[in-house]
Amino acid sequence: MAARANGRRPWTFYVLATVFTLFVLFLYGPMACIYILSFQGPNGGLTFPLNGVSTRWFGALFYQERTGDIAGAFSRSIPLAVIVLTLTVIFSVMAGLAFRRRFMGATLIFYVAVASLIVPGLVLSVGIGLGFQMLGIPPRWYSSALGAHLSWTLPFGLLIMFAVFSRLSPSYEEAARDLGASSWQSLRRVVIPIVLPGIIGVALFGFTLSYDEFPRSWVTVGPSNTLPLEIWGMTTNITSPALYALGTVTTAISFIVIAVSLVSIAIIQLHRTRRRVARERAMQTES
Amino acid sequence: MRRPGEIELVNCTKLFGETVAVNGISLRILAGTYCCLLGPSGCGKTTILRMIAGHETPTSGEVRIDGINVVGLPPVRRGTAMMFQDYALFPHLTCLDNVAFSLEMSGVGKAARRERAREMLARVQMAHFADRVPAQLSGGQKQRVALARALITNPRVLLLDEPLSALDEFLRLQMRGELRRMQRDLGITFIHVTHTQQEAIALADLVVVMNQGNIEQVASARDVYAVPLTAYVARFMGGQNVLEGRVSAVMDGMVALALPDHGRAEFPARDSVPPTGSTVNISVRRDRIHLAKRTGDGNADSINAVNGKVVAVEYQGGWVKVTLGGNGGDDFVVNLPDGEFFADPVNAGDTVRAHWAASDVHLLISRNGRSDRPYATGQN
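As you go down the protein sequences, you meet chains A and B in turn. Just so you know, the first sequence maps onto residues 1 to 287 in our numbering. Just so you know, the second sequence maps onto residues 1 to 380 in our numbering.
If we strip away everything but chain B, and leave its shape as in the complex, we get (with noise of 0.2 Å):
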């Protein structure tokens, strides 16, 4: 038998008055899956999350559970389970009358509801929080109660809702761990929305990246961080940069790129060759990137590099960031390995070459009439 727990989202839209909030979008996770999605605030991956759980109607399309329509019918008889982002814990009822709160609604006897509420609890490490009030416990011990409230009603699909943000950044990373290992353990689907890139991909089988109501990449957590499809996500998901060029010849499988400031790209081409005279984008990953100090002349060899002039650089422990200005759009980022940063430290103000293989240019596809930059400012 097929594991239960698919999600099926078919031509989905939802609006609220004017404003459209998600896009007519169409997705598919497979049972067992741990996939988060992943946006700015406002980019509609809550009101997916919503729809899936019933608390928002689509003003069109389908949501399939297992193959069936659940628009319509009310959470419980979808087989879904929902944690909130604020736990929204019942702050009258004790730890395990939270818990044991659904099987009360379906009628269950009280000792048999505790019983299993009990269980649930000590399956979260909080039994001996049972008879304690939510205003008693702090944000990771309500994490583990709404965990359990939620997974009492032995659901196929858990969502849950920016889970980690009212956590501090140690026991983030400590629940981001029993989250994943809970899952391993149930079986069931996980639906996680989050804005947190590491989070994502430190947890996620399938990674859904949104723009303002849209899919912009649904692909692997290693596929969406190493090889993005559009600039919008590249930038969103960090660790690239993004060079915007004009395409000046392809030949011999090569495709050559005009780069801003006289620079040049050579890479060659995949599966799709952009015609000459276009724009397009393309990434190169930050940790890809070496630099050399510029003396003299330097335009020597300027094929696959980019010149400027470092305004910040900045240790982050096990490799060094070094910010490069001047390159128009995008500041230009070179995270170097610690030991090859300082067997030649270059400092701000500095004027260097910072340049890449051929093979680590990475060609994206744009997409019309949509923003490609996750924020304002388009810095992360």
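Chain A on its own, in the form it takes in the complex (with noise of 0.2 Å):
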């Protein structure tokens, strides 16, 4: 504020900016090759230039051809994720709830469950694939793979829970209950509308913790892969634009999940509003 006094930026300033556009760049560059890439003419190779342009590598993606099973692949992982997500949700809100009020070994439980979060990926993987194993049960995406994001994505929802529930001051419970509200309806009329945007946190992350974990569904996928992990396959044996066709496409798809939950939100709102001045409209007729 003092440098804006007398109209200059002061050298920091300059400095701060240039690394600043250094790290976009290097954040956003590479991808943008290769979402450019991806739209590369039919006897284009991986570098640029481009020679011609057309969407012949993302049709490329959906026939099982020896690029892999990448539809395959796609209707495992977002079903996966979908339903990472919600368990993620509900456990993570039972979770906080539960912690809301001091029980017995409240501590204890919440170490055990956020130690999963400092285990190496690889290394719970691979002792859930044994487990398995010695179990005699054959892994799959949707049991071991299933478990294995759970185990990452909990502990996350449940630390995201303690942050909402810890900003909600008890009053409202207390109100709601001097209010003759049961506890199911003060959880379902009061507590779950206020936390919902937490709540939502909860389920994007959940969802793209899934959607892109690659070290956990290693072991415990089992014969089907999930889509990271037929990203990684396919970069060792493939040399066609197809695999950039697949790195614009599962961006999209990130990109969708995102904007779908903000559009809905938006809408709830405007839902909201104009309840509201239909209401005001209402009452300014009759009076």
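Everything labelled a hint here was simulated from the structure, so no lab data went into it. Please note that a few of the clues may not be correct.
For each label pair, taking beta carbons as the anchor points, the in silico distance ranges come out as [said to hold, decoys possible]: (1) Arg-184(B) - Leu-168(A): 35 to 45 Å; (2) Ile-109(A) - Arg-64(B): 32 to 42 Å; (3) Ile-258(A) - Gln-136(B): 22 to 32 Å; (4) Leu-204(A) - Asp-86(B): 26 to 36 Å; (5) Leu-168(A) - Gly-139(B): 13 to 23 Å.
Residues of chain A clear of chain B, computed beta-carbon distances all greater than 12 Å [what the hints assert, rightly or not]: (6) Val-19; (7) Met-31; (8) Ile-34; (9) Gly-41; (10) Leu-124; (11) Tyr-172; (12) Phe-205; (13) Gly-222; (14) Thr-236; (15) Thr-251; (16) Phe-255.
A few chain B residues facing chain A, derived, Cβ under 10 Å [as the list claims (entries may be wrong)]: (17) Val-76; (18) Pro-91; (19) Ala-146; (20) Arg-370.
Here the structure is a predicted model, which means the values were calculated and not measured. Just so it is clear, CB atoms sit at the ideal spot from N, CA and C, and this is done for glycine as well.
The task is to assemble the complex, starting from two chains supplied on their own in separate frames and drawing on the hints.
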């Protein structure tokens, strides 16, 4: 602010602005290259320059050629992420509510739950894989990999819900009780609506952590790969721009998930405002 | 029929771990009373309120409403309604739906409950704000909505936890008047927790002064202020000087007390006569004391008087607050009407004699084992 007084910025501004620009270039530059190259022409290679423009490589994704089973990987990764999202939300919210009251062994349970955050993912993956083998259960994406993903998303979800609930004044629940609400009514009509933005945050986290998870899927996924494993496999054996098209599509899906959640929040809010405006109009015409 | 809303606490104790929040108190509040629970923070007043509301369960003892022990009953079956300190209005609901909340919980249809909520909002002059959410309201408006939300349950008892503490001075005075008017109109029992002495005596029919989980005095506003029972109450209510002295003689119905600095007090013994040689506290109202500049010896007439040096003079508008130092324990404060002060003003540094009539001396009782100082510094 002091620098603004004479209309000039201090030299540190230019240094920090340069660092930030380099950071942004480093972050988005390579990704932008991949997105552009995914529109490579039919006879183009893996590098610049573009040899014509086409969407051929996107089409290639959906045939099980020697490129790998991309469509199949999607059809496993997305349902898996949705199941993880759902379970993470349910368990994190319930655990968050439980931890609002002190109970016997709360601290121990908390540490046990959070410890899996610091266990290396690959080790955990191998452990779960071995465990299933010993029990004679074949590992699958919907059983062993699901468990491995939850070991990652549940502690995250729990920590987020801790932060969310710590900002929720207990007097809301007391007021609800005072006004005759049962525990269930208080939860449904007061607590959940107030912490809803936090719950959406947990849901997004659960989805992206699972959709993106590599190390915990590695040994646990069984015979059919999830998307990150499939991409990894492809990098070792294919050399067509289909690889880039895949990168573009997976990124697009991540963005769509985020956009859908943001838009749905916006729609809910718009809906509320509309209702309010309509009510105000009705009141004005009454009086 | 007797009016409903009588509260009785019987030997109520509340422990939080090792801490005694409320220490075996018994208290009876008649129906239709405006009662203030008064005390510094941590004295247990909010805990009492929450035990009556059903948000806290007494460790032992009973809470009776209209003669029925309500311990273990949910708030809604007690006929109480509580207004929370931060109002606790639900941020995602409009004022109308906040007020209609209890009707919604009991299954009243949408149209009917909104109709009644609208009436209740009109009653607190908030009809125009029905469709706003709490974030769009000022502090005073939130309070009105919170009041409407509590009153729509038709409570026998309204419990108010520091209802005015979040408001600025002007609104505080305005809302204070409205609370009192509302209580008179409804005729139900109001129990109001506050740490502000002025608020309590301005509002209450009955003031309960609390000290570390104990009740120090239960009396009308006027009695708590003018005839405090203990040194703690006298100091907490303000408006009093508390002096400690040793009883040197009791004769002809007069008690003689030796004060520090060679001062003496003499006053008529009333109900209880303290034994000679015992140490007692007396109080003298700050506005019943006169000042004289000390000239020469001045020891000639030192009965019911203290000598001291003026350490501060504060103009208060209608009166002037003169503080004397050098009397051991507490500062000695004299509130002089501005006319009397300016007829013969004193300045900081002057040596003066403060004197009072024997009939203005009030003997305080002592409660063994309890602090007689409401604040660590002992000053107010």
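>> Does Arg-370(B) hold up as a contact with chain A if the rule is Cβ-Cβ below 10 Å?
In response: At about 31 Å, which exceeds the 10 Å cut-off, the nearest Cβ of chain A leaves the hint on Arg-370(B) violated.
>> At 12 Å, judged by beta carbons, does Phe-205(A) keep clear of chain B as stated?
In response: Label holds. Min Cβ-Cβ 22 Å, cutoff 12 Å.
> Does Gly-222(A) sit more than 12 Å from chain B, CB to CB?
Replying inline: holds, 44 Å
>> If we take the beta carbon of Tyr-172(A), is the closest beta carbon in chain B still more than 12 Å away?
In response: violated, 5 Å
> Is the Cβ of Phe-255(A) more than 12 Å away from each Cβ in chain B?
Replying inline: Label holds. Min Cβ-Cβ 28 Å, cutoff 12 Å.
>> Please check whether Val-76(B) passes as an interface residue: C-beta within 10 Å of a C-beta belonging to chain A.
In response: holds, 4 Å
> In terms of Cβ atoms, is chain B entirely out of 12 Å range of Ile-34(A)?
Replying inline: Since the minimum Cβ distance to chain B is about 42 Å, Ile-34(A) lies beyond 12 Å and the statement holds.
> Does the claim that Gly-41(A) lies outside the interface with chain B hold up, using a Cβ gap greater than 12 Å?
Replying inline: holds, 53 Å
> Honestly, do Leu-204(A) and Asp-86(B) meet the 26 to 36 Å range at C-beta?
Replying inline: Check passed, 30 Å falls within 26 to 36 Å.
>> Please check whether the beta-carbon of Thr-251(A) is more than 12 Å away from every beta-carbon in chain B.
In response: Correct as stated: the minimum Cβ-Cβ distance to chain B is 34 Å, above 12 Å.
>> For Val-19(A), is the shortest CB-to-CB distance to chain B above 12 Å, so the non-interface label stands?
In response: holds, 38 Å
> Does Ala-146(B) pass the interface check with chain A, least Cβ-Cβ distance below 10 Å?
Replying inline: Holds, because the Cβ-Cβ distance from Ala-146(B) to chain A comes to roughly 9 Å (cut-off 10 Å).
In this structure, the hints that do not hold are numbers 11, 20, in rising order.
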